[in-house]
Amino acid sequence: MPSRTLEARVRHHRPRIAVIELHGEINGFAEAALNDAYAKATDQQVETILLNFADVDYINSNGIALIVGLLAKARASHTRLLASGLSEHYIEIFTITRLADFMTIFPDEASAIQSDNASSAKESQDDGGDGR
Amino acid sequence: MPLVSQNELIGVLNLGARMSEQDYSADDRGLLNTLASQAAPAVRVAQLVREQRERARERERIEQELRVARLIQQTLLPRNLPVLPGWNITPYYQPARAVGGDFYDFIPFPDGRLGVVIGDVTDKGVPAALVMATTRSILRTAAQEERSPGKTLERANDLLFPDIPEKMFVTCFYAILDPASGHLRYANAGHDLPYQRRLAGVTELRATGMPLGAMPGSRYEEKETILARGEHILLYSDGLVEAHNPSYAMFGFPRLETLMGQHADGATLIEFLLAQLNDFTGEGWEQEDDVTLVALQRLTAPGPSGNGHSPSPENQADEPDGGGYMRGGAWRLLNEWSFPSAPGNERLAIAAVNEALGDHLLSPRRREQLASAIAEATMNAMEHGNHYQPELPVMVEALVSDTAVAVRISDEGGLGEGAETPDNYEPPDLAAKLAGLQTPRGWGLFLIKHLVDEMRVSADEKRHTVELIMRLEEPREGEASDHAITHA
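Protein sequences appear in the order of chains A and B.
Counting along the first sequence from 1, when you hit position 125 you're at 125 in my numbering, and nothing is skipped either side.
Counting along the second sequence from 1, when you hit position 212 you're at 212 in my numbering, and nothing is skipped either side.
Next up, chain A with everything else stripped away, as it sits in the complex (with noise of 0.2 Å):
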């Protein structure tokens, strides 16, 4: 089985969107692509990143690691990290691991945005009413 090396491309979806596509593989090997496509994301101010993972094929402990070390840096800039695309059964390990506690997953792209729509305009909303 030819192994996929990741290969993540990042679009700005939109101010303050960011998507990282992700193709191939998410193993050891993954670690620069996967870092150097979150440095790229967060060089403009973004408040959510997109996971797109719909090109994913095989994610195993050591690409959890890598999740997990995303997500930890995204925790620690306030950024929100959301997953799309993934399929049953790497639903069902993010869920293992609990890491579909800490970033909400989507089972597409445009659900996501248009959730991270409603999503802002409702803490937009919430920052103006009630002061928090």
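In case anyone wonders, no lab produced these hints; they're calculated from the structure.
As the structure is a computational prediction, the values presented were derived from the model and not from experiment.
Careful: at least some of the hints might be erroneous.
[Stated by the list, open to error] Partner residues are not named here, just some residues of chain A that face chain B (Cβ under 7 Å, in silico):
| id | residue |
| --- | --- |
| 1 | I64 |
| 2 | G69 |
| 3 | H89 |
[Unchecked claim] Label-pair distances were calculated between CB atoms; the ranges are:
| id | chain 1 | residue 1 | chain 2 | residue 2 | range |
| --- | --- | --- | --- | --- | --- |
| 4 | A | A39 | B | E146 | 53 to 59 Å |
| 5 | A | N117 | B | H360 | 43 to 49 Å |
| 6 | A | R75 | B | L199 | 49 to 55 Å |
| 7 | A | S115 | B | H360 | 48 to 54 Å |
| 8 | B | R147 | A | K40 | 53 to 59 Å |
| 9 | A | T104 | B | P343 | 27 to 33 Å |
| 10 | A | H12 | B | P343 | 30 to 36 Å |
| 11 | B | A275 | A | S87 | 19 to 25 Å |
| 12 | B | L199 | A | N117 | 55 to 61 Å |
By construction, the Cβ of each residue, glycine as well, lies at the ideal position given by its N, Cα and C atoms.
Using the hints provided, position chain B relative to the given structure of chain A.
The following block gives chain B in isolation, referenced to the frame of chain A:
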């Protein structure tokens, strides 16, 4: 005066001058002609008798040489077969008229393991027999000094090379069998590759190495396999595969491999192959080379000492004696593999097991769960057991019973090596990891535990083994969390 027989000059009558110093008369010449014509056939007959006697002496000398060669060879072949409970060992040896240099040998070790040798010297007659005798002694000595088949062949080559006649060498396959577990470690000095008849098909036992005596300082690759109960291997010499039929077609390796696949019973394998060889060559075949066969069969029912290498899945309840796993809810080895310890090779293990299991035993969801568990167990074996040393392989076996599949993953870590075990396992806590209180890593065992129905861990001095078990039936709701880690 020429002596001519059947228009062939066979001698000359040479006469000197007459004592009377007179010329030979016409009568004299007539008499000499008559004498020559009568003497020629007599001389011819005498010549033929002498040639015949010389040929008979030469034949006798060759026959005597062949008798000596045969005697040397037969004296040195094992007279008694090793008796291994739970095993059938069947050798067969038929020398060609010209006596090749085939041999086989069994070398028992005090710990119960058995060395098995098959070899072939590249020559015939007494020279081949002498080299065979020397090689056999050298191998026996080397086998006592070295407990690794590769090192044994290396040592034997070093000892043989200085003294072996030029242009002669010895092909030789050497394996060490652990009868209790069915584990076979082997190396090969250029001999025809033995076949293993598995329950799932026929595979070659392939390991590379130069023939003994061909080159100084040769190194021999070492491989290993496991014979499950009911499986057998066949060692053979080229006399079988290079046999020709009247149309000059060769018996050949593909035919042998096919026949191995057709015949599952190791006990009667040799009879079956000889019958096939007989059909192939036809009556009146003049055997061109020695035919040597050795079949090793692990019996389906364990013998008195058959304490087995049985997988320990949950059907131990079906097996009150803890063995004999071919019965009832018995386990069948589908296939096994050996992967070098290198990052990323866990994907090879997944692909191999997926192929062996096919897509009808487990649901797609459970196949994916098992695949991730295999990946994690293989990565642990490569990293913690073998420290990513590529020369240390991870062995993977796929087994199936009526109720479950099992995947066994072994490394060379042995006792106390594999870093993560159920005993020293700290469950990962994502919140602690995000807070920097735990390393981001350490998910492997946790994932396995949650993905398979049962995980068993065992270790001896040499190997650390993890068994992953998935029931064929989808667990009912509420059972899904009934995951267990068991220490064998």
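Hint check:
Hint status for I64 of chain A: holds, given a least beta-carbon distance of 5 Å to chain B, under 7 Å. At a threshold of 7 Å, the smallest CB-CB gap from G69 of chain A to chain B is about 5 Å, leaving the interface hint in force. Evaluation of the H89 of chain A hint against chain B yields a held restraint, the C-beta minimum of about 4 Å falling below 7 Å. Hint check: A39 of chain A to E146 of chain B, Cβ distance near 55 Å, so the stated range 53 to 59 Å holds.
Here the CB-CB span from N117 of chain A to H360 of chain B is close to 45 Å, well matched to the stated 43 to 49 Å. Evaluation of the 49 to 55 Å hint for R75 of chain A and L199 of chain B yields a pass: the beta carbon distance comes to about 52 Å. For the pair S115 of chain A and H360 of chain B, the supplied restraint of 48 to 54 Å is violated, since their beta-carbon distance comes to about 39 Å. Take R147 of chain B and K40 of chain A: their Cβ atoms lie about 56 Å apart, and the range 53 to 59 Å holds.
At about 32 Å, the CB distance of T104 of chain A to P343 of chain B agrees with the hint of 27 to 33 Å. About 33 Å separates the C-beta atoms of H12 of chain A and P343 of chain B, a value consistent with the hinted range of 30 to 36 Å. At about 54 Å, the CB distance of A275 of chain B to S87 of chain A disagrees with the hint of 19 to 25 Å. Under the hint 55 to 61 Å, the C-beta atoms of L199 of chain B and N117 of chain A, about 58 Å apart, fit the expected range.
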